[in-house]
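Engineer: Build the full structure now, drawing on both the sequences and the hints.
Number of protein chains: 2
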Amino acid sequence: MKTRVVYIAGLGLIGASIALGIKRDHPDVEIWGYNRGEDSRRIALEKGMVDRVTDDFLSLAPEADVIILAVPIQQTIAFLQDLSRIPLKKDVIVTDAGSTKFEIVKAAENYLTDRGISFVGGHPMAGSHKSGASAADVNLFENAYYIFTPSNLTTDQTIPTLKEILSGLHARFIEIDAKEHDRVTGQISHFPHVLASSLMEQAADYARDHEMVQQFAAGGFRDMTRIAESEPGMWTAILMTNPAEILERIEDFKLRLDKVSELIRQEDGDQIWNFFNHGRLKRKEMNIHKRAGVDSFYDLFVNVPDEEDAILGILELLRGTSVVNIHINEENREDISGILQITFKNREDLEKSAHIIETNTSYQVFID
Amino acid sequence: MKTRVVYIAGLGLIGASIALGIKRDHPDVEIWGYNRGEDSRRIALEKGMVDRVTDDFLSLAPEADVIILAVPIQQTIAFLQDLSRIPLKKDVIVTDAGSTKFEIVKAAENYLTDRGISFVGGHPMAGSHKSGASAADVNLFENAYYIFTPSNLTTDQTIPTLKEILSGLHARFIEIDAKEHDRVTGQISHFPHVLASSLMEQAADYARDHEMVQQFAAGGFRDMTRIAESEPGMWTAILMTNPAEILERIEDFKLRLDKVSELIRQEDGDQIWNFFNHGRLKRKEMNIHKRAGVDSFYDLFVNVPDEEDAILGILELLRGTSVVNIHINEENREDISGILQITFKNREDLEKSAHIIETNTSYQVFID
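Those protein sequences? They're chains A and B, same order as listed. Residue numbering for the first sequence is 1 to 368, as defined by this note's numbering. Residue numbering for the second sequence is 1 to 368, as defined by this note's numbering.
There may be inaccurate statements among the hints.
[What the hints assert, rightly or not] Straight-line Cα separation of at most 25 Å, DSS-like style, residue types lysine-lysine; simulated pairs:
| id | chain 1 | residue 1 | chain 2 | residue 2 |
| --- | --- | --- | --- | --- |
| 1 | A | Lys163 | A | Lys2 |
| 2 | B | Lys259 | A | Lys259 |
| 3 | A | Lys2 | A | Lys90 |
| 4 | B | Lys254 | A | Lys254 |
| 5 | A | Lys259 | B | Lys254 |
| 6 | B | Lys284 | A | Lys282 |
| 7 | A | Lys254 | B | Lys259 |
| 8 | A | Lys179 | A | Lys254 |
[Stated by the list, open to error] Taking beta-carbon pairs under 7 Å as the criterion, some of the chain A residues facing chain B (in silico):
| id | residue |
| --- | --- |
| 9 | Gly48 |
| 10 | Val184 |
| 11 | Pro232 |
| 12 | Leu239 |
| 13 | Lys254 |
| 14 | His327 |
Since the hints were made in silico from the structure, they are not lab data. Ideal Cβ placement from N, Cα and C applies to all residues, glycine included.
Structural biologist: Below, the structure written as structure tokens:
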């Protein structure tokens, strides 16, 4: 069998981590990489993440069996157009890693039809605050959703072939319609981002005349504005390429605010209570408590006393286990302290750890 | 000097923790407690938090030198009215612990004028997901803001006397106009709560037709809806007693959403970028990074490698230090991992710990 060539455009965190994941299961696959910046290109080559690099995207595309575009959304669309102008291998598979999918799928269908090229949209749902090839992590996608959004250029072989090549990512592959992807991420990610940045903007404006805003901003406000600190470029591209869904969610949300306003004006305590209680019950029902969705982590809850070194004692018991995160859950009222939440990367570590804590301490342990 | 009597109405988490705080600096002060439910009454008495208890609020009020109302807002207002009907000690000081202040101050001025009673509103800004006297913690208010909102029944002696009696809480006492208190907490607490519950309601409704909402809800969404799980009763009372400020913030916010919608419709990428970047810069500027406002915690940031037992290694170095919380900071994109954030209860522990980590590891340490 001839050596297959996977060409990854963009050797940032996502592209370079995909390269490592492919190499884990397929040391035989040859990986080529494009990157505009020199640093990540050099690091990816030196560390053996890729076998060959270029700063000229089109130069290596004609020889590739699979092309993975892991560049910003607008660049992805531009590269799809560029690919339409050069000869590519027969049966080449093209995919991408952008955060919105409909516009990208539309661009692929627009530029690549009737060329014998197969295309499927891709969205590996993982990330980090780190960036660049130097931050690449072979486990970045472990248990994370990796969404494929089929196009009319997706054949019966496209997704199975990609799943096979990407098996070393240990991701959870899933297929969704591109428009539905954008609707769902619009609701749980893109629109909330607009909310967070708007709240931050509002509070900052208010703080000019009400200086205590700065001092009293607490846990709740901090949580609600955390994502407002994200890199603006990516979120601008998301709003530009998923406008209809986000606009619709904004209008829907304004009506909900109007409804709350009306209840406040009517001094309708019962209905206000129902409103808050509904949100509370719905959140408790959500998978959010079972697994952190995209993060795909496994959580253990331990009811520890508020004692010095309690966390240390637990971690000593779990020495050698891959603890992804650990924190004391701040809940309710004006938040402080509570239940110790430990996050693991897989169910095996979770269950093993629950057993260890249960047999070695008197603390209550929950998995929910 | 005669033994002073402090009468605390409500032996829940707040009332019972205040009792412990008073006893710490003033073992000589006699503390009496009212509580409707029997459990907290019994626990507070058995554990010596209070010296005497009742389930009849008015019965002990006439003999008290200081009355602290630590019951729900509506109950606080009802008790102020009840107090107007019975004889109280000359120069008695009445205060409360409610989350909104203007309505309570107004009620006090309305019911207690011309009686020789002095009143100041109070808002100790701390809490926990735990409740009842059994959760009482002498350190609950350590470094937390304790806000006084003067009324026209506040004399020159009212606040100094309360500060002296409450010195054992180790809180940071601060005076603000009641209306301004409600404006500021409306912006950074009450209105964000409406946002979080509305977002939760919207996503739950959307999930009925778009089931992947459940699966893909990730870190950002989780953070933004966390406070929606709070106990509905308290938040209903807050909306009922701070209606004008919250309504005004809702209308202001809708205009901000309209502005974003307009930018999306105009496909104005530059202005969308500016919008996100503004939120980012403003949040970075906020005190939120220095100290968690209300929580009043001190944070240390350690750039640890993504290695097994890295957290354990750090905690071993800090054995015996009062670590309030520890977690890996999830930032940016689709969040995973990052910087280890350790929260301490005071600056001394923070600085000592920073020094210990710096001298015993090669990790970068930040205090910001």
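Engineer: Each hint needs a verdict: does it hold in this structure or not?
Structural biologist: Now for the hints, and whether the structure bears them out:
no. : hint                  : in the structure
1   : A:Lys163 <-> A:Lys2   : 19 Å, holds
2   : B:Lys259 <-> A:Lys259 : 21 Å, holds
3   : A:Lys2 <-> A:Lys90    : 15 Å, holds
4   : B:Lys254 <-> A:Lys254 : 6 Å, holds
5   : A:Lys259 <-> B:Lys254 : 13 Å, holds
6   : B:Lys284 <-> A:Lys282 : 32 Å, violated
7   : A:Lys254 <-> B:Lys259 : 13 Å, holds
8   : A:Lys179 <-> A:Lys254 : 23 Å, holds
9   : Gly48                 : 19 Å, violated
10  : Val184                : 4 Å, holds
11  : Pro232                : 4 Å, holds
12  : Leu239                : 5 Å, holds
13  : Lys254                : 5 Å, holds
14  : His327                : 3 Å, holds
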